[in-house]
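Asks: In order, the protein sequences belong to chains L and F.
Each residue of the first sequence is one higher than the last, beginning at 1 in the working numbering.
Each residue of the second sequence is one higher than the last, beginning at 202 in the working numbering.
Just so you know, not all the hints are guaranteed correct.
Claimed, not checked - Pairs of lysine-lysine residues, derived as DSBU-like cross-links and limited to a Cα-Cα distance of at most 30 Å, are as follows:
1) K135(L) <-> K41(L)
2) K258(F) <-> K282(F)
3) K89(L) <-> K684(F)
4) K565(F) <-> K518(F)
5) K353(F) <-> K178(L)
6) K598(F) <-> K608(F)
7) K248(F) <-> K206(F)
8) K282(F) <-> K206(F)
9) K178(L) <-> K565(F)
10) K353(F) <-> K290(F)
11) K522(F) <-> K295(F)
12) K248(F) <-> K258(F)
13) K349(F) <-> K124(L)
14) K247(F) <-> K276(F)
15) K295(F) <-> K593(F)
16) K531(F) <-> K518(F)
17) K178(L) <-> K248(F)
18) K517(F) <-> K608(F)
19) K178(L) <-> K206(F)
20) K48(L) <-> K206(F)
21) K608(F) <-> K593(F)
22) K434(F) <-> K522(F)
23) K135(L) <-> K206(F)
24) K276(F) <-> K248(F)
25) K601(F) <-> K565(F)
26) K518(F) <-> K290(F)
27) K276(F) <-> K517(F)
28) K248(F) <-> K366(F)
29) K295(F) <-> K238(F)
30) K518(F) <-> K248(F)
31) K434(F) <-> K518(F)
32) K206(F) <-> K41(L)
33) K276(F) <-> K349(F)
34) K89(L) <-> K206(F)
35) K300(F) <-> K517(F)
36) K684(F) <-> K48(L)
37) K178(L) <-> K238(F)
38) K41(L) <-> K684(F)
39) K601(F) <-> K684(F)
If you're looking for bench data, these hints aren't it; they were derived computationally from the structure.
Each chain, letter by letter, is given below.
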Amino acid sequence: MIVLLDFSLTEISRVAWRIAVAESLREQADLAEALRCHRQKIVERWVKYALSSYQSPDFFLREGDPFANPIGGAMRQAFDRLLPLLAQKPERLEFSEILRQFVQIRAVQGLVPSQALAPIYAVKHILRDILAADKERAALVANLYDFDFAVDIAALAAFDMYMESRERLYATRLAELKSGRHILTDGGCPSKTLHPVGDDG
Amino acid sequence: MALPKLEELSRSVAEDPSMATGSVPTREWMDIPVVFKSGNYAYPAKKDKVEYLNSQKGLSFPNARVWSPEEDDWKLPENWKEIILNGLKERLDKFRSLKIFMDCCVRCGACADKCHFFLGTGDPKNMPVLRAELLRSVYRNDFTLAGKLLGKMAGGREMTVGVLKEWFMYAYQCTECRRCSVFCPYGIDTAEITMMLRELLHTVGIGINWILEPASNSNRTGNHMGLQPHTFKDNVEFLVDDVERLTGRRPNITFNRKGAEILFITPSADVFAEPGLYTAMGYLILFEALGLDYTWSTYASEGGNFGLFTNNEMMKKLNAKMYAEAERLKVRYIIGGECGHMWRVLHQYMDTMNGPADFLEVPKSPITGTVFNNAASTKMIHITEFTADLIKNGKLKLDKSRNSHIKATWHDSCNTARAMGLMDEPRYVLDHVVDWVEMPENTIREQTFCCGSGTGLNTDEIMELRMRAGLPRANAVKHVHDKHGVNMLACVCAIDRATLTSLMNYWNPDVRVCGLSELVGNAIVLDGETREELDDGLRTL
Numbered sequence: 001m002i003v004l005l006d007f008s009l010t011e012i013s014r015v016a017w018r019i020a021v022a023e024s025l026r027e028q029a030d031l032a033e034a035l036r037c038h039r040q041k042i043v044e045r046w047v048k049y050a051l052s053s054y055q056s057p058d059f060f061l062r063e064g065d066p067f068a069n070p071i072g073g074a075m076r077q078a079f080d081r082l083l084p085l086l087a088q089k090p091e092r093l094e095f096s097e098i099l100r101q102f103v104q105i106r107a108v109q110g111l112v113p114s115q116a117l118a119p120i121y122a123v124k125h126i127l128r129d130i131l132a133a134d135k136e137r138a139a140l141v142a143n144l145y146d147f148d149f150a151v152d153i154a155a156l157a158a159f160d161m162y163m164e165s166r167e168r169l170y171a172t173r174l175a176e177l178k179s180g181r182h183i184l185t186d187g188g189c190p191s192k193t194l195h196p197v198g199d200d201g
Numbered sequence: 202m203a204l205p206k207l208e209e210l211s212r213s214v215a216e217d218p219s220m221a222t223g224s225v226p227t228r229e230w231m232d233i234p235v236v237f238k239s240g241n242y243a244y245p246a247k248k249d250k251v252e253y254l255n256s257q258k259g260l261s262f263p264n265a266r267v268w269s270p271e272e273d274d275w276k277l278p279e280n281w282k283e284i285i286l287n288g289l290k291e292r293l294d295k296f297r298s299l300k301i302f303m304d305c306c307v308r309c310g311a312c313a314d315k316c317h318f319f320l321g322t323g324d325p326k327n328m329p330v331l332r333a334e335l336l337r338s339v340y341r342n343d344f345t346l347a348g349k350l351l352g353k354m355a356g357g358r359e360m361t362v363g364v365l366k367e368w369f370m371y372a373y374q375c376t377e378c379r380r381c382s383v384f385c386p387y388g389i390d391t392a393e394i395t396m397m398l399r400e401l402l403h404t405v406g407i408g409i410n411w412i413l414e415p416a417s418n419s420n421r422t423g424n425h426m427g428l429q430p431h432t433f434k435d436n437v438e439f440l441v442d443d444v445e446r447l448t449g450r451r452p453n454i455t456f457n458r459k460g461a462e463i464l465f466i467t468p469s470a471d472v473f474a475e476p477g478l479y480t481a482m483g484y485l486i487l488f489e490a491l492g493l494d495y496t497w498s499t500y501a502s503e504g505g506n507f508g509l510f511t512n513n514e515m516m517k518k519l520n521a522k523m524y525a526e527a528e529r530l531k532v533r534y535i536i537g538g539e540c541g542h543m544w545r546v547l548h549q550y551m552d553t554m555n556g557p558a559d560f561l562e563v564p565k566s567p568i569t570g571t572v573f574n575n576a577a578s579t580k581m582i583h584i585t586e587f588t589a590d591l592i593k594n595g596k597l598k599l600d601k602s603r604n605s606h607i608k609a610t611w612h613d614s615c616n617t618a619r620a621m622g623l624m625d626e627p628r629y630v631l632d633h634v635v636d637w638v639e640m641p642e643n644t645i646r647e648q649t650f651c652c653g654s655g656t657g658l659n660t661d662e663i664m665e666l667r668m669r670a671g672l673p674r675a676n677a678v679k680h681v682h683d684k685h686g687v688n689m690l691a692c693v694c695a696i697d698r699a700t701l702t703s704l705m706n707y708w709n710p711d712v713r714v715c716g717l718s719e720l721v722g723n724a725i726v727l728d729g730e731t732r733e734e735l736d737d738g739l740r741t742l
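If we strip away everything but chain L, and leave its shape as in the complex, we get (with noise of 0.2 Å):
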């Protein structure tokens, strides 16, 4: 009897993580049609919040052209590569690419870190907005619990690349000093050592 019970206890629990499991990829394959279906929407906003932090924005957000607008550019390519990974699991080496030229420019832009990378949480906000205006998935608002997770692994990727661009930024200016230009300045022709300052001998 109890062998049974037991056995019949295992098959309940395996019944029921099945139905967890594909209850969860119903949700994910829901959110991701919702992201499919607002990405334009979701991304438009997302850009146009992470560029009004500049003081003259209207330009950024309207060329098209990368080359021309290398910020508005990058800002816009990477958070729609970014925006359906977040509705998957993705390695947190993919989201590292995908934001390494946004965070190499927020990184030398004189702001501190918070404001740096505030644009990467943003988009929780804008996409239960989005998701609530919706009528068909405005249930998707009360589970967004695992897209969160990926907004957040997402974020502490994009913190240790700051500090990674904030590094190879001190290397840069250590490896200026060392090429030796910094004597072009600072010293001058060895043998001016010789005479006291100010002789221009």
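Starting from the known structure of chain L, arrange chain F on it as the hints suggest.
Replies: Here is chain F on its own, set in the frame of chain L:
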């Protein structure tokens, strides 16, 4: 539906507007003061350098002192405002172009989004039209009837210390690259407005060390580095040793030789720092292959002219030095190396400052017989013009496979491309020496993007500023790197070679930087050479 959470997110991170970016402005641009903090300004010129320059005949660099942009008191002369306004009046009378540029802008905005500083920062004061407005507003206030009567309503504003500080901030966030001018329907040369701003700032003792010290070195020893003749000679001889080690042929060189046919002048960085050293080795190999009758000069040992970044008098004096040396040595003409602003000074200003150089001859290639009538007045030709002509006439033995480790792209340096029209010659040379691809069309030729560190801004204390200003250029390089596997960014400018190296280190670490003559030097097959397989060309250790 509003997004309250999103607004909170913005507020939580945007309380303190940063230098270049920050929260959405709530005030007119005129009312937003500049804030100097470490990293957003280049260090002021050292007192002794300013004193030295001011003591030189024909030069004026007053108010030498120790000062800091971060302090409220910039230790200006008591009558600083009078000096500035008189200086502006004097320049409006002297330069008709300035007067026209002040009056004719209709604020159409064609230039607004063309500046690499604007594209990298989003700061509206980096729009060329607004940067010019910093000066134009003062001009309107004090020099036009409308401004005198209506003041701010007519776009005028009084000259204050705050305005002066703003001038310093933004006159040094312009590399005078002239990309904006290409798009201006009136042809306003915004670079010349920046030049005027910098000139005016110098009249009250505001200048940066990275410009004034090389200018002072150039005035003193003939080159930016302050190298004295024996050191300059030693450095070139080291390069001769290197060429001999790599090729088995020892280039024959001379210094200050009277009666040589050609005087060769190049930036001193070419004989001093990587990667310029390899470019200089390329010159040596080229001239050796031709058996050219030429001489180096240990006095005119600098092509660069940091005078262009300070004032007219300094620019004129440094340019004159090259011609004084050509006259002293009694050469026929000058070949110039891979430099940027040397060529801009030569093509845009030299003739009315020091030219025409009638004591020299119109350059004629001794190898091909080609007469360079384009240099009939300046009597100075670019090494790339000279090389392209040699290749066209089949006078060089080239082995392109020696550059097979390189996939190059071409950066049109602002000064050589926009100021002297050198665009097809380097491409012709590249076709014959290396496998290469173009960057996107709106980032090359006349529309080329600056390295972001020109006009004396290539100093390390403003590295962040330089990286964002160089973003449009780096972005185009990234594209050809990702798409075509480009690993070398070639150019013909010493400042580019130095600054693009840093730019690539940050944005595209897989891409190195070289001069065109390095690629030529790699490919040239010298008679009697014993060159082994060089995996990395002239850079092979």
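Asks: Hint by hint, note whether the structure agrees.
Replies: Results of checking the hints against the structure:
no.	hint	in the structure
1	K135(L) <-> K41(L)	16 Å, holds
2	K258(F) <-> K282(F)	26 Å, holds
3	K89(L) <-> K684(F)	28 Å, holds
4	K565(F) <-> K518(F)	27 Å, holds
5	K353(F) <-> K178(L)	50 Å, violated
6	K598(F) <-> K608(F)	21 Å, holds
7	K248(F) <-> K206(F)	53 Å, violated
8	K282(F) <-> K206(F)	49 Å, violated
9	K178(L) <-> K565(F)	42 Å, violated
10	K353(F) <-> K290(F)	20 Å, holds
11	K522(F) <-> K295(F)	24 Å, holds
12	K248(F) <-> K258(F)	18 Å, holds
13	K349(F) <-> K124(L)	54 Å, violated
14	K247(F) <-> K276(F)	14 Å, holds
15	K295(F) <-> K593(F)	44 Å, violated
16	K531(F) <-> K518(F)	20 Å, holds
17	K178(L) <-> K248(F)	25 Å, holds
18	K517(F) <-> K608(F)	40 Å, violated
19	K178(L) <-> K206(F)	47 Å, violated
20	K48(L) <-> K206(F)	16 Å, holds
21	K608(F) <-> K593(F)	23 Å, holds
22	K434(F) <-> K522(F)	18 Å, holds
23	K135(L) <-> K206(F)	21 Å, holds
24	K276(F) <-> K248(F)	13 Å, holds
25	K601(F) <-> K565(F)	27 Å, holds
26	K518(F) <-> K290(F)	24 Å, holds
27	K276(F) <-> K517(F)	29 Å, holds
28	K248(F) <-> K366(F)	19 Å, holds
29	K295(F) <-> K238(F)	36 Å, violated
30	K518(F) <-> K248(F)	21 Å, holds
31	K434(F) <-> K518(F)	23 Å, holds
32	K206(F) <-> K41(L)	19 Å, holds
33	K276(F) <-> K349(F)	29 Å, holds
34	K89(L) <-> K206(F)	26 Å, holds
35	K300(F) <-> K517(F)	22 Å, holds
36	K684(F) <-> K48(L)	28 Å, holds
37	K178(L) <-> K238(F)	25 Å, holds
38	K41(L) <-> K684(F)	29 Å, holds
39	K601(F) <-> K684(F)	22 Å, holds
Figure legend: structure checked against the earlier numbered hints; hints not met, in rising order: 5, 7, 8, 9, 13, 15, 18, 19 and 29.
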